[in-house]
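Chemist: Each chain, letter by letter, is given below.
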Amino acid sequence: MISPHSRTRTGVLPLAARIVFIILVAALICQAPVLAVAYIYDVNEHPDLGANVQGEPEFFPGDDFVLTVDLTNAARAESMEVASLKANLYNPTTALVVYVIPEAGAAPVTIKSLPVTAGDIGSSDIVPVTIRGTVSPDARPGTSVMFLNVSYQYIHAMPNIESGIPTVTPVYEEVHQLLPITFRVKGQVQPVVSGTGSLNMVPGTQGYLNITLKNAGYATGRDVAFILVPADNTTFKLIDASMYVSIFRPGDVVTIHPRIAVSEDLPAGFYPANITGIYKDIKGIYQQIPTVPVRISVARGAVFSMSASNMTLANNGKQTISLTYTNRGDRVAYGAEARITGDQVIVPETDTAALGDVGPGDSVTAEYVISAEKAIPGKQYVLDTEVKYRDSLGALMLSDQYHTGVSIEQPSGLADALSDPVVLIILAAVIACAGFFGWKHLTKKQ
Amino acid sequence: MNLHTRYNSYGFLILLCILCGFCISPCMAVASIYSGGPDLTVSLESTNELVPGTTTELPLLIENRGTITEEVYYPYTLRSKYTPTTAMGATVQLLPGNAPVLVKTNPQKVGDVAAGAIIPASFTITAPQGVPAGNYTMLARITYQYMPRAEQETTTDIEYYFKDDSVTIPVPVIVRPIAMPTVVRVESMGLHAGGEGYLAVTLNNTGRDIGRDASVYLVPSGVSPLVPSTNGIYIGDFVPGNTTTARFKIAVAQDADFTQTYPIAVYLKYTDFEGNIVQSPLVNTGVDFKQKIRFQAGGDPVVLHPGKTDVVNVTYTNVGTAPAYNAQARISVVDPFTSEDDTAYLGTILPGHSATALFSIKADGKTTPKTYSVNSEIQYTDLSNTEYTSDTIRVLATVENDTTSLLLPIGVLLLAIAGIIAYIAYRKTRAV
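Protein chains in written order, with our numbering: chain A, 1 to 446; chain B, 1 to 432.
Calculated directly from the structure, the hints in this document are not laboratory data. Computed from a predicted model, the values in this text were never measured in an experiment. Among the hints, a few may not be true.
DEER-style ranges, computed between Cβ atoms [what the hints assert, rightly or not]:
| id | chain 1 | residue 1 | chain 2 | residue 2 | range |
| --- | --- | --- | --- | --- | --- |
| 1 | A | Arg300 | B | Pro96 | 50 to 60 Å |
| 2 | A | Asp351 | B | Gly236 | 38 to 48 Å |
| 3 | B | Thr392 | A | Ile431 | 48 to 58 Å |
| 4 | A | Pro115 | B | Asn276 | 20 to 30 Å |
| 5 | A | Asp351 | B | Gly347 | 16 to 26 Å |
| 6 | A | Pro115 | B | Asp157 | 42 to 52 Å |
| 7 | B | Leu282 | A | Lys237 | 27 to 37 Å |
All C-beta atoms in this analysis are idealised placements derived from N, C-alpha and C, irrespective of residue type, glycine included.
Using the sequences and the hints given, assemble the complete structure.
Modeler: Written as structure tokens, this is what we have:
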């Protein structure tokens, strides 16, 4: 809806010639500069846009990039007529409402920027435009070209329709132009994991990871140092985490063997880590190896459980007990030897037993002779046992300590009764009385 | 100078001024400008990717592409204050459109947008967790005024006509595909205050990206009584729609309150579809655990006798909520007590069950008869054979004088008296 919205009153009618004179002279002075800078341009001119990338447009495969491209207008108005009538609104060398669509073309990139507006770009103006994108991880090294699809308008012609009243009708020319942007994809050493394995990676000891890496990149790395970095460096202590490779060509395969100490209380499973490192490129400049996620595989190791039998013995007696050790882990316990520990009451007479190599799921029974001295009848005493063995790297390992109970027989029947001193006194009194009356009875008969 | 001459001078001056006015007037002559009005467009200064679970600044650029189609220079007309291509007093509002996002920023006033000008306006957008990835269209609504027409009514007055207008411009956005963990289940396995156990976190990938070489990380929130033995578990490739369980071993502090649920957060770290190692948004969940395993020594106080070694029975009851495996009780005696048999095996004590320990305790002969407190504790293991020691358990011991200690001498005395009587009777019988 169109409605009168405001009213502007400009100027005042002269009341006297003196005043008019002064005003007009002042107006003349004020208008003079305007008269000096008004031009009519040659309409044969047109904008001349170009694109220049700021900085060094070099990227590695997989990089996210931010390119700042300067849009320049190299056009010059080579001839112009000093205007006495028309304003200088219409410069044909100005690119009007420039619209930029970044296009990947055949370049190995994914453009993430949307089309962007750059406004009017006048002669000699520089307007920066930011282009964001990602270089393909498998991009080959070399020079690539992407494009800025630039569209704009400019004043192509200004025919005068002068039928008494000067009229300017600008004729706009729509221009679509592809401006090339060159950038370079640099070759890179790109290790990928082609195989993993482990040796003796069990809790409480040291083991090795075997990680086979292939150079899937297009660059040759020299003096390459691979470093394993666990996500949790409290659980995993790296004894030997790095490996040197003198040359790592595209397609080359190397296996690294980092040595790692695993925390004792770590459950079996897979744990995250990364492989990183540096290498020297063809120019002798050190470059960072892209991070490669790997897993650290931890096994259970040899884990024993124990069951016991014949665990009841008489007070002050001896007993041969049987303890059965089962390897419930997933690694062999080499040269296993079991030992029991008693105390001042339960005394082992033989306290060690050789179990030999105990494979996963295997059970071995060991017999020990124990005796009880000054034990409390009916009580259960503690008997501790543990297994000493060697892991697959020959390191001496000690199992958890296991506990079992040894029961002391409760005397029953006559033995139980005779252990009570009151019963003994009463019994003695009964015997004494019986003897006395028996003797008296015999003497009466005689 | 006479009056006539004076008026002639004034006339000349006036004529001169009017001539000057004619000379100047071409520059003052104001064009009537014709155009289609403002032509507003919107573009984005950054990428249009939104990551679920994050808040992003979306910098818009508002450009006016309006152009003048004709300009007429009428002599003796006034210069217009406004250009018809200018969008005046523009306000930009960003609407979600069909995008499942929240626009946090209110409409912004960006003022006048002249033809060819670019005005920035930034909006804060939140893409909630779990929004499906895909292409969406948000809407930028720009309201403004422009002057389509101005009329010069007199040589001094211009009347402007303004028109309210608005334009709604689509703003395409992309919700980036990510691997999004959603907690399906959290299961505490053998977790109790003061102990270690496992926390099994079952996750579903409700995102649209395959999390390659994914690892699940556990982060206790703030200062927490939950301490994971390791906070990362490798789970491999995590395909959208799949469910996986990561099992973390964690310890719970002794003084943790079992009536509370403690917060933890989990997140994924994985290689995304572009080969970048990225991290998913944090997902919060809660962890429950059981009460600490506690024991009570029940029954009457044990009775000891000065100068004598007594075998005492102490009954321990598991008043916690988890079994105590391989439990063994130990009693700690101090002067005036000594013990040479202070440890007893109790075996497995289930919650609510009891076991009796026998100890041998000797009270010094000068011990004052009264009730004493003796400390004891229980060592036990959990299912994974991790050893724990209970809090100190007090056992009451009453020292009493021994009445049964006179029984034996009295008995012997009685036997001796009986023997003497028997002997006297025998002598009398022989004498007769």
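Chemist: Evaluate each hint against the coordinates.
Modeler: Cross-check of the supplied hints:
Between A/Arg300 and B/Pro96 the beta carbon distance is about 52 Å. The supplied range of 50 to 60 Å therefore holds. In this structure the supplied range 38 to 48 Å holds for A/Asp351 paired with B/Gly236, their Cβ-Cβ distance being about 47 Å. The hint said 48 to 58 Å for the Cβ distance between B/Thr392 and A/Ile431, and at roughly 50 Å that hint holds. In this structure the supplied range 20 to 30 Å holds for A/Pro115 paired with B/Asn276, their Cβ-Cβ distance being about 25 Å.
A hinted range of 16 to 26 Å for the beta carbons of A/Asp351 and B/Gly347 is consistent with their spacing of about 22 Å. For A/Pro115 paired with B/Asp157, a C-beta distance near 44 Å keeps the hint of 42 to 52 Å intact. A hinted range of 27 to 37 Å holds for the C-beta pair B/Leu282 and A/Lys237, which are about 28 Å apart.
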